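**Student:** Position chain F relative to chain W; hints supplied.
In the order they appear, the protein sequences are chains W and F. The first sequence begins at 1 in this note's numbering and counts up one residue at a time. The second sequence begins at 1 in this note's numbering and counts up one residue at a time.
The hints are simulated quantities; they were obtained by calculation from the structure and are not laboratory data. On a predicted model such as this, the values are computed, not experimentally measured, just so you know. Where a beta carbon is used, it is the ideal one built from N, C-alpha and C, also for glycine. A portion of the hints provided could be inaccurate.
As the list claims (entries may be wrong) - Straight-line C-alpha distance at most 25 Å; calculated BS3-like pairs for lysine-lysine:
# : chain 1 : residue 1 : chain 2 : residue 2
1 : F       : Lys81     : F       : Lys101
2 : W       : Lys168    : F       : Lys121
3 : F       : Lys37     : F       : Lys101
4 : W       : Lys168    : F       : Lys123
5 : W       : Lys73     : F       : Lys81
6 : F       : Lys59     : F       : Lys71
To be verified - Examples of chain F residues lying across from chain W (beta carbon under 8 Å, computed):
#  : residue
7  : Asn16
8  : Ala17
9  : Ser115
10 : Ile118
11 : Ser120
Unchecked claim - So the derived label-pair ranges between C-beta atoms look like this:
#  : chain 1 : residue 1 : chain 2 : residue 2 : range
12 : F       : Leu106    : W       : Tyr148    : 29 to 35 Å
13 : F       : Arg78     : W       : Ser89     : 37 to 43 Å
14 : F       : Trp61     : W       : Asn26     : 33 to 39 Å
15 : F       : Asp39     : W       : Ala21     : 40 to 46 Å
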Amino acid sequence: MKMKKLLLIPALAVAASTAGASIPINGFIESKCVIQSDTAGMFGNPTVDKLSTKSADGGVMPIVRYDIVTASKYKAVITTPTSFSTAPSLSDTVDWTSTTVAGQMSDAAMSIFNTDKVIYNNGHTTEFDLVKAGSVWFNVTSEAEYGYGKAFPSGNYTALIVAECIAK
Amino acid sequence: MRFIVLLLLLTGGYANAHQFTPTYPELEMSHMAGVYKADMVLLNTREDIRYYGLNVFDKDWNPVRFATASKIVPLDYRERKYITIYISNREVDKAKYICSKSKILLTVREPSIVSSRICSKLK
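This is chain W alone, in the form it adopts within the complex:
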């Protein structure tokens, strides 16, 4: 009886190692869109009446990254600011201009995003059809000009960019 038990040990060890070797690794790819705030923007103040995220104006361009797992499932909609979310009291109007372009991309074919983009809402909203999978970085520039050559009052200014991913 004891001998039988001893013989059983290596048999069980082999069985255990076989079971260990067949542990499955499961993966599942589902279509999804991920929005990443890659670079937080910063306004430069090149002249007294202007705030700008352009590097030429001393600003930092906000960059939003989109990761697209499956092509043609989503569209990206990026809306640039048309008002400050926080600012000192302003007595005159602020004129906003902006651009949104696909900059860095993981696949050169993604340049079609720029070719086929649709701009509306007085140039403040840009819609990109995400027909290619991969990662794309959208560069956003935003400029605010105050009154007619009027100096922006000193204080803290913040503005909001809305980055959306809408399933098609």
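**Tutor:** Coordinates of chain F only, in the frame set by chain W:
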């Protein structure tokens, strides 16, 4: 390059991201009569965001009435939450999009803030 991107996506290697899945949720009957439900997953790896708002819209982006445990979802950095959206059978034909949107606190003082919104489409 594509492989690396895909690998990063699969391993969840996001530094500062908002994710809302599935892309095409399906409505199914809930445990309550006349109420449908959709199960969603919300993932926050945005360090600057602690709350997400939920909304349901029709095809013309008009709000549709819905219920969930909380329409403002507190979500810590790198936290994943499973969310159930309930829609009554009176509203179910109208409902087209389920959206999650990052909520930015007034205390955030970055000059240029990115608010992210992801909308899934009901099939």
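**Student:** Could you run down the list of hints and mark each one as holding or not?
**Tutor:** Hint-by-hint comparison with the structure:
{"no.": "1", "hint": "F/Lys81 - F/Lys101", "in the structure": "14 Å, holds"}
{"no.": "2", "hint": "W/Lys168 - F/Lys121", "in the structure": "7 Å, holds"}
{"no.": "3", "hint": "F/Lys37 - F/Lys101", "in the structure": "20 Å, holds"}
{"no.": "4", "hint": "W/Lys168 - F/Lys123", "in the structure": "10 Å, holds"}
{"no.": "5", "hint": "W/Lys73 - F/Lys81", "in the structure": "23 Å, holds"}
{"no.": "6", "hint": "F/Lys59 - F/Lys71", "in the structure": "20 Å, holds"}
{"no.": "7", "hint": "Asn16", "in the structure": "5 Å, holds"}
{"no.": "8", "hint": "Ala17", "in the structure": "4 Å, holds"}
{"no.": "9", "hint": "Ser115", "in the structure": "5 Å, holds"}
{"no.": "10", "hint": "Ile118", "in the structure": "5 Å, holds"}
{"no.": "11", "hint": "Ser120", "in the structure": "5 Å, holds"}
{"no.": "12", "hint": "F/Leu106 - W/Tyr148: 29 to 35 Å", "in the structure": "31 Å, holds"}
{"no.": "13", "hint": "F/Arg78 - W/Ser89: 37 to 43 Å", "in the structure": "39 Å, holds"}
{"no.": "14", "hint": "F/Trp61 - W/Asn26: 33 to 39 Å", "in the structure": "37 Å, holds"}
{"no.": "15", "hint": "F/Asp39 - W/Ala21: 40 to 46 Å", "in the structure": "35 Å, violated"}
In summary, the one numbered hint that this structure violates is 15.
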